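Place chain B on chain A using the hints.
These protein sequence lines are chains A and B, in that order.
Going by numbering that gives the first Met the number 0, the first sequence opens with residue 0, and the numbers climb by one from there.
Going by numbering that gives the first Met the number 0, the second sequence opens with residue 0, and the numbers climb by one from there.
Everything labelled a hint here was simulated from the structure, so no lab data went into it.
Remember, it's a predicted structure, so these values are computed and weren't measured experimentally.
Treat the hints with care, since some could be wrong.
It does not matter which identical chain is used: a pair holds within one copy or between any two.
Simulated crosslink set (SDA-like; lysine to any residue; CA at most 20 Å straight-line) [stated by the list, open to error]:
#1 K52 with G25
#2 K118 with T57
#3 K118 with P180
#4 K196 with T145
#5 K196 with A148
There are 2 protein chains.
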Amino acid sequence: MPKIVDHDERRLELVDATWRIIARLGIEGATMREIALEAGFANGALKPYFPTKDTLLTFAFGHVFNRTNERIGEVTAGKTGIPALRAFCVEVLPLDSERVSEARIVIPFWQKAINDPEKAAIHRESMEQWHAAILEYLAQAREYGTVSAAVDDAAVAGHLLNMLLGAQIAAALAPEGQVDPGLSEQLEAFLTLLEAKN
Amino acid sequence: MPKIVDHDERRLELVDATWRIIARLGIEGATMREIALEAGFANGALKPYFPTKDTLLTFAFGHVFNRTNERIGEVTAGKTGIPALRAFCVEVLPLDSERVSEARIVIPFWQKAINDPEKAAIHRESMEQWHAAILEYLAQAREYGTVSAAVDDAAVAGHLLNMLLGAQIAAALAPEGQVDPGLSEQLEAFLTLLEAKN
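This is chain A alone, in the form it adopts within the complex:
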């Protein structure tokens, strides 16, 4: 019987190899040859999956985003309002080494997106999705009376989203071995301000 190749599975293997290589060598060092070697592929065998490093990076970004969303789905299940917002943010913040690795994929993607309108659009669509989620949590919190501040929720959501993006940079550039540069405390301080009663 011919060996059945699960192409999705192999793509994910390549993404994992890409991660390890980027973590070790940086995005410039992550050549297709290095990635193939790391994943145990022959050099030319990557081409059918990812014709260029660029397509691989875009796929890896999408994979990080989807995986984060899966985790968000799990941690926010059954929650609404501020508890849901907190769980969402805690999941997006790079609070462990796995998520710091993800930040190391996402930052090179942003850098490429500066001169690549298609990548920039992918980023913006992801952010719009998260912005809508935050807005919904805020609307629930207002309904419950846990949030009553006289501020525009869209602006608050945009602000928080930018903080979550900046946190990826802070974590990726933290000193070796330091995983969380105070990000949990920053989130809690913000939620305290948000929940304050006038």
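Just chain B now, kept in the frame of chain A:
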């Protein structure tokens, strides 16, 4: 008389050329040859100023940081507390095309810093300097009674700093022609939360 060459001046010319090239071609396209061409230098003439693209990028980052700090010095002159904090943030936020161009220098620097401890340390030192400035504005605001929220100022300052970093990404990846993706409103919403009275 021999022509007097102002080396600092020439370095800044090169930084300006680097900017224009990065804006046009992205960091990968910004070869030393392209930068020399743009600045009107002979190909080898860059070497005495910047032996590598890397040294040029680090210098450009330092230049953006110093220039931002000069502008901060001007706009915060004579201000303290929340007015100073607002002026500081407005200056750091990429609210015009010049500062969006600066974000386009800073993001590639961050990306390089992921695998370059020296660059990461430069980033962290810059952020510590800004963190200290924000803390001072917050202490003044507490003294004046304009801020009385029961939150840790160091966490608030870290949160705000991360928002300012994330804003660079939001602006650099905004659709062509859109300069401010709502960043001013986000800042105002945050300051409203910060100033709320319990």
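Find the hints from earlier in the document that the structure breaks and name them by number, from lowest to highest. Of the numbered hints given earlier, the structure breaks none, since each of them holds.
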